[in-house]
Amino acid sequence: MSEEPEKSSPATEQLEKCSMVVCSGDMDKVMAAFIIATTAASMGRETHMFFTFWGLKAIQKGNPTGSTFMERMLSVMNRGGIDRIGPSRLNFGGLGRWMFKKMMKEKKVTPLAELRQTAIDLGVELLACEMSMDVMGIKREDLIDEVADVVGAGSYCHLALQGKTLFI
Amino acid sequence: MSEEPEKSSPATEQLEKCSMVVCSGDMDKVMAAFIIATTAASMGRETHMFFTFWGLKAIQKGNPTGSTFMERMLSVMNRGGIDRIGPSRLNFGGLGRWMFKKMMKEKKVTPLAELRQTAIDLGVELLACEMSMDVMGIKREDLIDEVADVVGAGSYCHLALQGKTLFI
Amino acid sequence: MSEEPEKSSPATEQLEKCSMVVCSGDMDKVMAAFIIATTAASMGRETHMFFTFWGLKAIQKGNPTGSTFMERMLSVMNRGGIDRIGPSRLNFGGLGRWMFKKMMKEKKVTPLAELRQTAIDLGVELLACEMSMDVMGIKREDLIDEVADVVGAGSYCHLALQGKTLFI
Chain A
1 MSEEPEKSSP ATEQLEKCSM VVCSGDMDKV MAAFIIATTA ASMGRETHMF FTFWGLKAIQ
61 KGNPTGSTFM ERMLSVMNRG GIDRIGPSRL NFGGLGRWMF KKMMKEKKVT PLAELRQTAI
121 DLGVELLACE MSMDVMGIKR EDLIDEVADV VGAGSYCHLA LQGKTLFI
Chain B
1 MSEEPEKSSP ATEQLEKCSM VVCSGDMDKV MAAFIIATTA ASMGRETHMF FTFWGLKAIQ
61 KGNPTGSTFM ERMLSVMNRG GIDRIGPSRL NFGGLGRWMF KKMMKEKKVT PLAELRQTAI
121 DLGVELLACE MSMDVMGIKR EDLIDEVADV VGAGSYCHLA LQGKTLFI
Chain C
1 MSEEPEKSSP ATEQLEKCSM VVCSGDMDKV MAAFIIATTA ASMGRETHMF FTFWGLKAIQ
61 KGNPTGSTFM ERMLSVMNRG GIDRIGPSRL NFGGLGRWMF KKMMKEKKVT PLAELRQTAI
121 DLGVELLACE MSMDVMGIKR EDLIDEVADV VGAGSYCHLA LQGKTLFI
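Quick mapping for you: the protein sequence lines, in order, are chains A, B and C. Taken in order, the first sequence gives residues 1 to 168; the numbers are from this note's numbering. Taken in order, the second sequence gives residues 1 to 168; the numbers are from this note's numbering. Taken in order, the third sequence gives residues 1 to 168; the numbers are from this note's numbering.
One or more hints might be untrue.
Any copy will do: because identical chains look the same in the list, a pair fits if it lies in one copy or spans two.
[To be verified] Simulated pairs of lysine-lysine, DSS-like, Cα-Cα distance not exceeding 25 Å:
1. Lys-107 <-> Lys-139
2. Lys-139 <-> Lys-108
3. Lys-139 <-> Lys-101
4. Lys-139 <-> Lys-102
5. Lys-139 <-> Lys-105
Keep in mind the hints are simulated off the structure, nothing from the lab. It should be emphasised that the depicted structure is a prediction, and the values quoted were computed from it without experimental measurement.
Turn these sequences into a full structure, and let the hints steer you where they fit.
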């Protein structure tokens, strides 16, 4: 984005940014988010993903988090890590996750962790929401190293206003 | 959309496309999706709906699906068909669906199946996500005939980049 | 975008509207909605929030609603009011709501009710969906006075087509 308010050529139009808020931590939503992000990036778009609340699970390393009692309890109930993500329906305490993973593997669908790596390789910028990390007691070191930055909602809005944006 | 990359007149601007990903299979979300789609189409917009994951329920005929054990189990747990769609909250194994349907009927709200028909009549294009159909073992013949095409995420992204887009 | 339908200066481009549909009544989603809305408004954007289905909880006064048996039952199961809103996961009949509120208070995060007030003070327009109010038996007087209007989906679509829009 050349940052002049008026986009003056078709080329600039083609470079309109893509951004998304990933607020959900469900397998189907997170998978959709990464598929859209990798597709947009491979179409040459500058793409940004802003992970907040349950969405943070997708960019956590997966270690237990938190220092207070409640933060640690939350971490037990909702342990982060992309391999722990289950579907929004029919999870049945992990059975659904296992079943979906098996079904995806049989159909040779790229697993979530690989899809995230592809996104990173294609230059998709992963951003983490400062406020929800603070509320949930998640620290920078609990996130995978590839996360580009920990930012506030203002940064997301700024990006969103420059192109297409989705709330997932 | 006259399909030249450079939009050259106000008229073309008015014809900016509308698209949405319908990832959710809940009554409230699916209803909102069809209401927005019919409204956009009746305002003269070219409108496309891309159904993925649970959203596929809204464009399935409603027959049992799948050939492997897991696919068939999934179909039992999450049988497709627009009349089987329940609200995202307070469903209580179908009671909520029955109650909402009754309340909507009393208030003379268009039922989901009719709303979908209106969308089709107004020219809204219904697209099904190839990958999630493959994972869940849903075949083309399990979808209603009015579905225009079974496509990949690339097709959705291409449409989304040409106008307004929502993730539902 | 250089199309000059009416946008003729950088200033006008900066004034592209922001709108969102708030269909969800979960704490995390509602909080994200108000944070994005206040941020957009404080960046000088005309911002509109259209509350529908469960999202209506966020702009209800909190009194019991409905006149028919089913409407009143729904109000008991899903009582409105911004202080009754719980997280989309791990609510456990209100425990999650209490825990999250406590965690947010400890981290000095603005509570939902205050965040909504800030949005109102910044001129964010709160709109209520006529159809879902009708279905659920919610009346104008059940909503907080600051709600600007009770409108149909057409009004939302009209706003959405004028700028950035999100479905939450």
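Now for the hints, and whether the structure bears them out:
1. Lys-107 <-> Lys-139: So Lys-107 and Lys-139 pass the 25 Å test across copies only (14 Å; inside, 36 Å).
2. Lys-139 <-> Lys-108: between (34 Å within a copy, 17 Å between copies)
3. Lys-139 <-> Lys-101: Between. Shortest inter-copy distance 20 Å satisfies the 25 Å Cα cut-off; intra-copy 28 Å does not.
4. Lys-139 <-> Lys-102: For Lys-139 and Lys-102, the Cα distance is within 25 Å only across copies (19 Å; inside one copy 32 Å).
5. Lys-139 <-> Lys-105: For Lys-139 and Lys-105, the Cα distance is within 25 Å only across copies (18 Å; inside one copy 32 Å).
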